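> Sequence:
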Amino acid sequence: MQSEILLQIQEFIGEDGASLVQTTLENAQINGSQGSLTASTVSIGLLFVGATGVFVQLQDALNTIWNVKAHASQGWLVFLRTRLLSFSMVVGIGFLLLVSLVM
Numbered sequence: 014m015q016s017e018i019l020l021q022i023q024e025f026i027g028e029d030g031a032s033l034v035q036t037t038l039e040n041a042q043i044n045g046s047q048g049s050l051t052a053s054t055v056s057i058g059l060l061f062v063g064a065t066g067v068f069v070q071l072q073d074a075l076n077t078i079w080n081v082k083a084h085a086s087q088g089w090l091v092f093l094r095t096r097l098l099s100f101s102m103v104v105g106i107g108f109l110l111l112v113s114l115v116m
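Reading the sequence shown from the start, the letters are residues 14 to 116 in this note's numbering.
To be clear, the hints were calculated from the coordinates, so they are not data collected in a lab. Here the structure is a predicted model, which is why all the values come from computation and not from measurement. Glycine included, each C-beta is placed from N, C-alpha and C at the ideal position. It cannot be assumed that every hint is accurate.
[Claimed, not checked] Between beta-carbon pairs, the in silico distance windows are:
1) 75 <-> 101: 14 to 20 Å
2) 36 <-> 87: 45 to 51 Å
3) 39 <-> 93: 23 to 29 Å
4) 32 <-> 101: 34 to 40 Å
5) 15 <-> 54: 24 to 30 Å
6) 24 <-> 108: 26 to 32 Å
7) 52 <-> 32: 40 to 46 Å
8) 115 <-> 16: 40 to 46 Å
9) 15 <-> 101: 28 to 34 Å
10) 53 <-> 115: 23 to 29 Å
11) 78 <-> 38: 37 to 43 Å
12) 91 <-> 39: 24 to 30 Å
13) 30 <-> 97: 32 to 38 Å
Model the full assembly from the supplied sequences, consistent with the hints where possible.
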């Protein structure tokens, strides 16, 4: 199965790119079993910030397109609530993608 995926990647990004992806996957597999709790925590934190940042930027872009005035900064609780809502959307979309792969 891995070779089929690499062949598909090779068609899209070429032989050099596929080689790079294969090397990266092999290194991740070797180093993945030796991962630390700190690295996992930092990775999950960065995933949270990046994933919610996408939705915040999307909301900002849509507000600009539709000429909607953004709310004035209302403090940390509103910021945290917005980020948690965005993250729940990321988790929900991820769940739907996984379910669609199974069915």
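> A separate judgement is required for each hint: does it hold in the structure or not?
Going down the list of hints, with the structure as the test:
no.	hint	verdict
1	75 <-> 101: 14 to 20 Å	holds (18 Å)
2	36 <-> 87: 45 to 51 Å	holds (47 Å)
3	39 <-> 93: 23 to 29 Å	violated (39 Å)
4	32 <-> 101: 34 to 40 Å	holds (38 Å)
5	15 <-> 54: 24 to 30 Å	holds (29 Å)
6	24 <-> 108: 26 to 32 Å	holds (29 Å)
7	52 <-> 32: 40 to 46 Å	violated (26 Å)
8	115 <-> 16: 40 to 46 Å	violated (23 Å)
9	15 <-> 101: 28 to 34 Å	holds (32 Å)
10	53 <-> 115: 23 to 29 Å	holds (26 Å)
11	78 <-> 38: 37 to 43 Å	holds (38 Å)
12	91 <-> 39: 24 to 30 Å	violated (44 Å)
13	30 <-> 97: 32 to 38 Å	holds (36 Å)
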